[in-house]
Structures are given as C-alpha cells and as structure tokens.
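Undergrad: For the record, the sequence lines run as chains P and B.
Numbering follows UniProt numbering, in which position 366 of the first sequence is assigned residue number 366; successive positions increment by one, without gaps.
Numbering follows UniProt numbering, in which position 277 of the second sequence is assigned residue number 277; successive positions increment by one, without gaps.
These are computed hints drawn from the structure, not numbers from a lab.
Check before you lean on any hint, since a few could be wrong.
Sample of chain P residues facing chain B (criterion: CB under 8 Å; computed from the structure) [as the list claims (entries may be wrong)]:
#1 Ala228
#2 Gly316
#3 Val317
#4 Ala456
All C-beta atoms, glycine included, are put in the ideal place defined by N, C-alpha and C.
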Amino acid sequence: MDQIGFLQPRPAVLSRRREIVTDLLDLLPEGCLVHEPRALVPFETDAFVSYRRLPLAVALPETTQQVAAVLKYCHRYGVPVVPRGAGTSLSGGAIPQEDAVVIGLSKMARILEVDYANRTATVQAGVTNLAISDAVSADGYFYAPDPSSQLACTIGGNIGMNSGGAHCLKYGVTTNNLLGVKLVLIDGTIVELGGKALDAGGLDLLGVVCGGEGQLGIVTEATVRLIAKPEGARPVLFGFDSSEEAGACVADVIGAGIIPVAIEFMDRPAIEICEAFAHAGYPMDVEALLIVEVEGSEAEMDAMLASIIAIARSHGVKVVKESQSALEAALIWKGRKSAFGATGRIADYICMDGTVPLGQLPAVLRGTAEIVEKYGLRVANVFHAGDGNMHPLILFNANDPEDAAKAEAAGNDILKLCVDVGGCLTGEHGVGIEKRDLMRHQYSDTDLAQQMAVRAAFDPQWLLNPSKVFPLEGRPAA
Amino acid sequence: MTPIHEPLSEEAAARLVQVAALTKSPFVIRGGGTRSLHAAPEGADVLSARGLSGIVAYNPAEMTMTARAGTPLEVVEAALAEKRQMLAFEPPDLRGVLGSSGIPTIGGVFAANASGPRRLTAGAARDSLLGLRFVNGRGEVVKAGGRVMKNVTGLDLVKLLAGSHGALAFITEVTFRLLPVPETAVTILVSGLNDAEAAAAMATAMSMSVEVSGAAHLPESVRGRFAGGALPEGAATALRLEGLSASVEVRAQKLAAAMAGFGPVARLDAEVTARLWREIRDAAPYADGTARPLWRVSVAPTAGQQLVAALRLETGVDAFYDWQGGLVWLRMEAAPETALLRRYIKAVGGGHATLLRARPEVLAAGEAFQPQAEAVAALQGRVKASFDPDGLFVSRMMG
C-alpha cells in the first residue's frame, strides 16, 4: 500500500547529508539534534501509519531563535523542512521525507503567561492541548477546542491543522479561539501576528496561517482564548433503531434553533467497539446512538433537554439515558473519546473526515454503507453530527495489501460523495498527504492555483512540508 | 466624476477586470458605498458590487445562507428575521457616524469584517464566513471555503478575504453561518464606576459562568446620549445576557449579586436592551453630523482604559468602550493626533486603530489604517501580489 507519492528527494541535499548534520549540530545546543539512523525511526511517521519515510535529521530546538537559525540555514541551502508537534496527525501531515529536516517543537512546552483579566493564555507551541485546560481549570477556565488526541497533541499542531473536537459545535474550532502567534518564516524572519486584542489590523494573516499545515511558517508561540467553565454540563444518550432516524433528529434539533455544546453520533459497530473497551453503559440493542451534551445552569439544561427529548421522541427514539452523576458523564465521554483507540485494538482502520451539510447526513450514511459493502469491507461510524463532520472508520487488514488498497479506494469514494453533496474533504484532520490527490475533486485548477500562489508568497521555494496538501504537479514559484 | 462600473454578473465582473489588467487601469472596490470616505483616490474607477444582488440560498435548518455580495444587509436581515435567525456578530451600521448615505451590503460587511458587541463571545464576521466567490486581479473567478461549519480543506482564503477592505479581490458571493435569535435579552447595568473600576467589573463578569454576550462601559460624558437619556445617573457599565427566559433570569440574578459589590445595579428590560446595544454597536453618540476625527481602537480588553488614561495626560479625550474595554471609540483634541495615538497603543501592549472619519485630506494622507511591522508589511505585500499581481485593486488599507 504505497500509492500516495512523495516528492523525489533532492539529490543535492542527500549528497550533503553529513555536512548538513555537522552544520546543524553547530547551530543547536547539545542534545537538540537527532541524526543517528536508529534514533530517527520514531519520527518516520505519525498517526497515519500506512506511510513512513526516514528524515535526514530531526532538530529539537529549545527557543524561537534556534528555530529561526535552523530555518534560515535550510532556506539558504534548499533543504526541505517538516514541522512536527506530537506526531498525532491522522492525515500524514507530519510524515517526513528522506531529504527533510524535521523541526520538532517538543522541547518548547512551557505555558508562558495566563492572563485571566483578558482571558488569554500565551504558550509555547509544544504545549499539549489538554495542558492548557489543566493549567487553568482550578481557576474556572478552559480552552475550548478538544480533539480526541488532546492528551498528546500540541497547540502548534492544532494551529497547523486548525483542529476541532467534539465541543466545537458551540465554541468553534482552533481558528475561532486563536488570538495571536509568533511565527518563524522560512528565511528565519520572526514575526508576530495578532495578540491579546480581539482583532488585528491589516490582512488576516493569522487566519491563513491557522490551518496552513505547516507550509507557511513555524509557529513557536500562541496566544489563545480562555473561556469561563460552564456552571454545569450534562451529556444524554439517545438510542435509535436506525442511523437515518438519528441523522434526521440531529438536523431537526439544529433546525429548531437549539445549539447543544456537542452532538456525537455512533452507529452499531462503533457502539459495540467502544462499549467493549470503555464499559460506558451504552445501550446495545440500538442501531445508532447520539450523545447530546448541554451546558449551563440547571434551569437552562432542563429546558434545553426537554426540547431535545421531544424532538427525539418525534423520531421514535428507543432509549433516553440521562447521566445522573459526574462519573456517569465522564464514562459517556470516555466511550466516545476512546473510539479510535478501541477500534485500533480490533482491526486496522483508516478514518475519514469529510463534512456534509446537515440535511445530507442520512443520505451520506446510506451511501457510505453501500460504498464499503461494495468493497467487501466493514465500517464503523463515529462522528460530530452537529456540524456534519463525519468520521467513518474503514476496517481492514493492513497485512493484506489488497485489503489495504480497497480500504483506501473506499475512503476516496466516500470523500468524493461528501464533496458531491455540497460538503468538503476534511473537517478537522487536514489534507496532509492522505487527501492531497483528491483536492482537484473539490477545487478547480483556478481555485487551487490561487491557494498555491498564497502559499508561495510565504515560501517561494516550497521548502516547508512540501509533499503535502497540494497536488505535486503544477506548483508555481512565487 | 469618477466612472462607476456595476457588473450585473460574476462573469461580467471578471471580464471587466481582465480588460483593466491589459491597460493596468486601477479600480477601487465598493460595496454599498457606506465607507466611500475610505476609498476614493484620484484616477481609479469604482468597481461596485451593487449590481450583484439577491439571496442565492437560505437553508434555515442548516443555519446557513448564500447571498450575492451586493445584497443589501437589510434584505438579508429581513429574511433571517422571518425564521428567527440572525448574524451572530451584529454588524454595525456606521452610516450615522460616517455621515454617508450608502446602503450597507452583505459583501461589504464581510470585506470590512464589521462586527458589533457580540463579537466578544460569538466571534467576528470572519468567524461566521464559511465560503465565498471572488474575482482576483487576474480576472479569474475563484471559490474558497464552502457551506459547511467545519472545513480545513486547503488554505483558509476565506479568512484572508474577510477584512481585506477591497485590497485583494472583488467578492461576488458569500456563504455564512447563522444563529437562532435568543428568546430574550436583559442588561445588568452598574452605575457610577470610573474607567478602571469598570474594567475590573467587566473582567469579573466575564470570569463568571453566566455567558455575558456584551460588555460595554459608557463614561458619564456619553451616558446621556444612549437610550434617550433613560440610563441611571453616572457612568454606565452594561452587561448583556441572552438566551432562554428561564435561564436568563437565573443568570441575571447571579450576575446582579456579583456586580452589587462594584456599585448600584439596575436591570434593563428586553426593549431597552435592544435599543442600547444597537446604539453601542453603531457608536450612536458620535453620529453628530460632524467630520471630527473618530477612531476605532482595538486593544487587549484591560488595555482600553489604560490607553485612554495615558492619552488624557496629553490631550482632551472623549471615549466609550465595548468588547469588555478592548474596543475604544475615541475622539481627541490633539492635532496631529495619529502619531500620539499609535505611540500609546504600542505602550499599552499593542493593537490597532482605524480612523473612521476625518477630513478628506487627512484620510488621503494614508493615516486611516494601522501601519504594520516591516516584515509583516512585506509579507502582506507578497500576499496581495498573489491575488492581484498588477496592483489593480487600490485600497487604503495596504497604504
């Protein structure tokens, strides 16, 4: 299974490997450069494990100035650079290539400032997503975007991919919670974009850096929005006899003007996998499950839940289970958040990330089942239904190349279906290498050319994370 | 008389730009002309979006709308009101302060990233914008983004175009997300606080689990010009709560109890609340029919009153605050005042100031928008060139 191509390594770089390593050793403090082949293995892939490439070297800088020095060097000698946070990308965004220097931000993991009066935290890019919420939780605040990998993934990676999570239905994704960054450009220039003010002057460069998949520069510090924790939160389980009924219920809840903080969907295979792993108390006699979380005061939660339950009943809901304690609530979420890990225990899988208009949810669920059946594979669906962000997990056997090729083909068909009904290829995981060659299905050549021109304005030589996002052919210089 | 082009279709707009590219004839892009003070240099034709009007698609169940860029904002808002939905970011109507007679358009709202009080917690216009279509400086029609809430497919050009003030491309169509209109709204008003005390009170309110959706401070000098003079004596610190009635009631009691430690507390009903926040949104006290310079300053919330206090040591200042103190509407007595203001913004931690209103020669001197740091300005120049290589689209924002 090696169908997705990478750029050919630059011979001029490969042939200078030893010199480059020597030069980088000079630029960085001791212990900040990995270059022995065996020590490079942990960096050869990310959470998109089907593909792997050993990098030329891995720089682990401790300061923004060191990041700038390495970038300046790579820019001068035409060495590709692959930025890396925690390596949890599901789309291959952090997979290196043979002629690339990986710049890992793991040593830059300090929270620099917490400013409650302005509700901001300023952190280094290697700080994990959850560490921010943990640091401010006791004082009644949290950082809203919460990808499933939040225990491990870094804020720098979140910015690169504009990560979402279960709770972004109400609070938005990374770009809506990011106020400023310190960014190192490919030539080593350090710029600051945004800050503690709610908006910045000039063009919204911060808005395009967020989600730039590490192709526009390397973020070393970020200022993010903190939000006061809600008074209370209550997840409720709804079990349905069919995925279509559950999907229609979601569309009606949103259509009625009710915006819960999260609406998560699981189909029967996903319920079985998660329940076996997490013992979350999910009902086992239903075809589809919704986890709807509301928050606020008791009065507000009661009122919202009453409306939601009435809508669910109109769709023939079979089971309604309210969490009665903090422990039960935590268990409900544990089941959902462990979905990917639990699935990985029973089979290999690839996780799709297409987003569709809400009204198309039932049709796309049916279409997904048909596509996967056509290839003779199994699928488990677990996703953020409130914003139409689907995550079909296609199960296959990675040791069987034919099976793997089928899974990839089925995934591509599903993503094309998402685009064809008015959606997009990826809602929160990013394009990476995984969806790169599908970009032409969503965008015209003119659309892509405009994006590539903007990208080239930041990095004219295409050195930053070069094998990702855009089709390998037809790339313009600045 | 400046020639005005009003293409009636996206294709016609693209052809106009293609032809202009041949002779390198510049355009000034205009929506409804409400901010024409900002953009009327000599020698450039106007490229207006007013001919591109109409709602293309409205799907209340998915809370999204697509409209052509020149659709009047009031047409959009009327359609939304029928389904009890709204734009989350409360776009201001600045015709009063600008003394202009244009018609605000939905494309203009996004091109200016024009956002009102709810921006504090619900995001700016750019956060509601899901997708758009535009004609770039090569005369090509480009689409960016889409119509779904979550989309990280490729570079987020949508954010770049939002707030680009006509510097990058001619926006032809926008798709944006909506929110349900809250069942009710109330304002908790604390009276008699000075600016620093108000900053502390607003920070406390924002730290509570009561979901404040607007936090403004109206010093005594402007208080009487809000709500028909009906606000209680003394400076007014206003905190808005919105949502289901039962929930708003509980939160209002909680917030009022906490605010009682700062000063006398009053509660404004839904009707007065609607009027007050509309006036805050539109900077109504400064809609005085004059051309006296008016600044819109964005800094960290706690820095707003620090900035005004610092300026007061140098000159006479009249100001009020939105966004928990981070948005300052400001008039000064100093002349020249631009350098002074920008120096103090830097001193309080940075931010930016836009000169919304001034005599034409002051605006023409390029002082309206905040200058950027050198490296950032260079980067912005390259980004502009990637949309508009020949510099056809003239905008004061890019200097």
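Undergrad: Each hint: holds or not?
TA: Going down the list of hints, with the structure as the test:
1. Ala228: holds, 5 Å
2. Gly316: violated, 19 Å
3. Val317: Violated, because the Cβ-Cβ distance from Val317 of chain P to chain B comes to roughly 19 Å (cut-off 8 Å).
4. Ala456: holds, 7 Å
Going down the numbered hints, you'll see the structure goes against 2 and 3, while the others check out.
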